[in-house]
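Using the sequences and the accompanying hints, generate a full structural model.
Line by line, the protein sequences are chains A and B. For the first sequence, numbering that gives the first Met the number 0 assigns the number 0 to the initial residue and increments by one for each residue that follows. For the second sequence, numbering that gives the first Met the number 0 assigns the number 0 to the initial residue and increments by one for each residue that follows.
Source of the hints: derived by calculation from the structure; they are not laboratory data. Only a predicted model underlies this, so the values are computations on that prediction, with no experimental measurement involved. Hints may be right or wrong, so weigh each one.
Claimed, not checked - Quick list of in silico lysine-lysine cross-link-like pairs, DSS-like style, CA-CA up to 30 Å:
#1 A:K178 <-> A:K242
#2 A:K246 <-> B:K575
#3 A:K334 <-> B:K220
#4 A:K405 <-> A:K316
#5 B:K220 <-> A:K202
#6 A:K242 <-> B:K575
Said to hold, decoys possible - Computed list of chain A residues with no C-beta within reach of chain B, every gap over 10 Å:
#7 R66
#8 S78
#9 G81
#10 L141
#11 T247
#12 D339
#13 S362
#14 D372
#15 Q373
As the list claims (entries may be wrong) - So the derived list for chain A, only partly shown, Cβ under 10 Å to chain B, looks like this:
#16 I75
#17 L182
#18 E186
#19 E225
Glycine included, C-beta positions come from ideal geometry on N, C-alpha and C.
Take a look at the letters that make up each chain.
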Amino acid sequence: MLTGCRDYQLSRRAFMGASSATLLGMSVKGLLAASGKDHEAQAEHVILFWNGGGMSHIDTWDPKPGRPTGGDLSSIKTSAPGVEISEIFPGLADQMHHCALIRSIAGTQGDHGRATHHVQTSYLPFPNLVYPGMGSVVTHELPNLGELPAYISISGQAPRAGYLGQKCEAYYVSNPGDKDPYLAFPEGIAEVRGNKRLETLAKYNQRFTGNSTDSRLRATETSIEEAVTLMRSPALEAFEFSKVSPKTLDRYGKTPFGRGALLAKRLVEKGVRFVQVNRGGFDTHTANFPAMRDHGEIMDPALASLISDLAETGMLKKTLVIMLSEFGRTPRINKDAGRDHWASVFSCFLAGGGIKGGTVYGSSDEDGAEAKDQPVKVQDIHATICHALGINPNKDVMTPLARPMKLVDQGTPITGLFG
Amino acid sequence: MRPRLPSAVTVGFLVACSSLVSTASGSDLDRIIFQANESLSVGRRIEPTPVVDDSVFLRRVYVDLIGRIPTEAEVTDFATWPAEGRRQKLIDHLLKDDRFSDRWTIFFADMLRLRSGATGGAALIAYVHNAVKTGMPYDELSRRLISSNGKAGRVPEVGFVLGDDADPLAMASVTSQVFLGVHIGCAQCHDHPFDVWKRRDFYDMAAFYGKTRRYESQLTKIVYATEMDQTTILWPPEGVGPAADRKPIPAKFPFPIDESNETPGYIKRLSATRAAKIAAIPVVDKRPSVDDLLDSVSDKVAKATTGKLAEELALADSKRDIRKIDVQKGLYKPSELREQLAANVTDPRNKYFSRVLVNRVWKTLIGRGFVEPVDDFRADNKPVMPAALDYLAEEFVASDYDLRTLVRLIASSDAYQRGHAPANSDESTRVQLETQLLATPVRRMIAESLYDSVVTAGHLFEPKHSPGKNERTIRDIVRVPKGSKPGDVSKPINLAPQKGGAMTAMSRGDATAGESASGYGLEAAIELDFTSLLKEQGDEEEVALDEMKAVSKEELEAQRMMQQRMMRNSTEYEEKVVTRVVDDNPVFNSSLRMQSPAPEGHFLRVFGQPNRSDLGDLRDDSASMRQALMMLNGRLSHEAARVGDLEPIYPLMQGKSANLDEAVRLAYREILTRNPTAEELTDAKTIIAEGASALDGMADLRWILMNCNEFRFLP
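In structure tokens, the structure reads:
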């Protein structure tokens, strides 16, 4: 199961693109950001859980009990009337009245690299252009809130910012909950001494730059100022779990994923716009069912705690939580008790940000093989995220080679999800 | 802008500097630039920025040619050379330095998108390194990369095609953009919007790769690039018209080649250079070919006729050899189409080929290409000084595509040795000076040079603390897999970066328990051993191929159970507090030889090393907050700033021969390749005096100098 496939290991390799050396995103200032006139945008933040490898839809959000394709896992009732999900999510089942599911995503890509690109950027990979991921789009369109970086990727790689520019790249956190050594003076450098160093450094840099008109020198000084602001920000405490009660840590689960979910919650509370929490191991070509049980043990407490905590503080209204994977898995169970890649239909999980709790949008056929009611294009999900945040998905931005690109590749928001 | 003051140590050196300020190289390149300026209308003509002095030149040329700042010893040594001609002497000296090959391997690695983690990628980097080291002509290198087939790693060149999975459409884009600077990839889906390229041109180009396949053995996972009989490139493209109408198309080189009947002068000179080279080499190095192998087989068969027992043995031998040849001939079948493509691409009459390489080298040394972006040559994106570009391109061809000749030509020119536009000049004047090549743009060191320069300035290539002098007590909270014994705890913690163990902390997906102890993994360097990567490997695996058994179902299940257990264990952990004493004597390897590209978030990536995956993803030299954090709080700059007792500066700080003024001067020379001004000397002594100890104060000073703009931007 963890052996994965060749093309998955190569994922980012499968597509190529080009961008200018500068990566200076050029937004067309004159263009009006449409504010979604048909609906009052409620969401201000996004937490995206990225499940790499292609998560089985049948064994999670779209169970098919009693069908030959249903597999070993049974389905359970949830707090949302009439909505059933896989038994691997007993805790989350109690939170489903806050959550929604889309069960009719009709994907087109069955290769890990291409599908990942498609689901993360809304565009199909194409040479000569590096397409930005959703986190970069959101960061590009909405002003920063607070002092933390606007876009943070936890435990793994997020898509690049491409033509939206360096400012829209993700800030990486590799071990959620641990102190980031790069955000404090090195060990042995006391606060007073460190501050004095910074003060003198600023003086030396000013002397060197003088009255130069060269923006490159100034840019370095600005970057140092930004770094120091961040280092001194009280919001930094969100990164560290030393003061978090053991009970809370237990509730989310003592796993990197649990810590990632908890960190995501703490970050959006400090104003971070977009948090991506990454996790792999879903490419279950062999022994799918025990693997999915294990995944459930890890994901369920984290997701359930996150949704209930966000709901309790009211943050859920302002935070769109979404769990995505590049595709689903075959309804047919293969000879190794695994499931293979399946893009024709798959599901996603959403909560908050104005989404009507307890909604199930669309459906797959009785075996989970094709989209049946209300089929959804992959790009529609991106348009829906934009819609929730009040971003116009059809807005054009210019690439460095002066080619206008839409924020989302022809997606239509799924307005039926919103209350 | 740049304060200078003679000191006791380098008086002679600095006096010599001033006498050289107005020296002109008198090269053809500079004549072309001069004439271009003269040909402007009087009002638009501008005064060139003077050539920089020796100390500035020294720093610049060291960083550009060998990827680090000069050491005190090198500065002092240079100062003893006769002023006349010593710049040229230094350039020639650096061109022979081992680090020149390391630094310029980075150049090719960026351009060719070499990734040590890709199939055959590490061997390919080692191969390119060897090509730079031995001065392999660039056209030959390119031909080998474009046309080779074979097994990944065993035939290092094949890593280039395998890097893009030998996909014909991808390789059409790659070949055009990397070697010829044309974004023909735009024409994959539509006629190029800003250029002459048609969709058909793209497919004509792709057809050269149409029969190439990536082949992976299901059993051994060995990967090959090989040649099939059928092409996959059909016209019209998918989705245009009925599928039945799609037919294979012949390969056709879409780029114009100089068709003039007269042999251009530079090609005559190329022929002469090649003839001279061949004359100079008595024996031509040759790899054993399939023919050689066949010869040896018939040898063995011939010998076998002499005796029965011997005959049997020889026959068994021969059979094995023949089988080997069969396997090899199928898999190593050369690609005639790609040999033809390589010949077209590297044809001396194909001006794209030489111009694009010259443009990339120029960008690397000057900071701005004749054409920008460097790989975007098209009719409406003209070079800023075409005559200079053409001159260099022809010289490059005439030198038999020799990188060192090209670098020497540029580094020796006034154009390279000029200062930046005066600090107070307005934006338009600055831009004009820079585009007319009369001033050099301000540029930051590339990531690798910055890293290695910090290591050099901080004496971190070798241990700088005596054993036991740098003991530290460290208290860590570590997460360990549940149920591990107490003895296991300290094992995964690796504070010393020399082995680069913490590097994996950046690996994708779930973080592995235990890695969290030192979060400083973002500056570690794992070195690649180029020599062992190029060692000839045996062919036995091919022969043994069919003897290998498939993995049984039971084994598969066992594997799965094992992985399952590992997954459970690694995601369940407990926290422990560990205290330990370490004798911390950090040593950093050169970043030029490390696995590349570095993981996302690593020092090198943060400072603009490209991911080398996306085509046309060039180096980004813009500033970012992440860079600031890396240099302000990172372990590298911290350790570099601290004073070790084995450093030359140490005896100047305390004891009998203490001399604080001299210590400050040495710090300035080691870090900024210059002496401090009187004002700077006073300031520095204040900083040192305010430290908890003089050594702490010196560490503060050095930290500031390594963090300041003057350090990372080339003078």
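Comparing the hints with the structure gives:
1. For the suggested pair K178 of chain A and K242 of chain A, the alpha carbons sit about 12 Å apart, so the restraint of at most 30 Å is met.
2. The suggested pairing of K246 of chain A with K575 of chain B holds, with an alpha-carbon distance near 17 Å, which does not exceed 30 Å.
3. About 22 Å separates the Cα atoms of K334 of chain A and K220 of chain B, which keeps this hinted pair within 30 Å; it holds.
4. For a cut-off of 30 Å, the pair hint linking K405 of chain A to K316 of chain A stands: about 27 Å separates their Cα positions.
5. Our distance criterion of 30 Å between C-alpha atoms is broken by K220 of chain B and K202 of chain A, whose separation comes to about 58 Å.
6. Note on K242 of chain A and K575 of chain B: the hinted pairing holds, with a Cα-Cα distance of about 16 Å set against a maximum of 30 Å.
7. With a cut of 10 Å on Cβ distances, R66 of chain A stays outside the contact zone with chain B, its closest approach being about 25 Å.
8. Its beta-carbon lying about 27 Å from the closest one in chain B, S78 of chain A satisfies the requirement of being farther than 10 Å from that chain.
9. The Cβ of G81 of chain A lies farther than 10 Å from every Cβ of chain B, with a closest approach of about 33 Å, so its non-interface assignment holds.
10. At roughly 18 Å, the least C-beta separation between L141 of chain A and chain B is larger than 10 Å, which holds for a residue marked as non-interface.
11. The beta carbon of T247 of chain A sits about 15 Å from the closest Cβ of chain B, which is more than 10 Å, so the claim that it is off the interface holds.
12. At the 10 Å boundary, the C-beta of D339 of chain A stays outside the reach of chain B, the nearest C-beta of that chain being 16 Å off.
13. Here S362 of chain A stays apart from chain B, with its beta-carbon at least about 30 Å from theirs, past the 10 Å limit.
14. Consistency note on D372 of chain A: stated as away from chain B, and its beta-carbon is indeed over 10 Å from all of that chain's, at 29 Å minimum.
15. Every Cβ of chain B is farther than 10 Å from the Cβ of Q373 of chain A; the closest lies at roughly 27 Å, confirming the non-interface assignment.
16. Here the hint on I75 of chain A is broken, as its CB sits about 23 Å from the closest CB of chain B, past 10 Å.
17. Using the Cβ-Cβ criterion of 10 Å, the hint placing L182 of chain A at the interface with chain B is satisfied: the shortest such distance is roughly 7 Å.
18. Because the closest C-beta pair between E186 of chain A and chain B is about 8 Å apart, less than 10 Å, the hint holds.
19. A hinted interface residue such as E225 of chain A counts as satisfied when its beta carbon comes closer than 10 Å to some beta carbon of chain B; here the least separation is about 4 Å, so the hint holds.
Hint compliance for this structure: hints 5, 16 are broken, all remaining hints hold.
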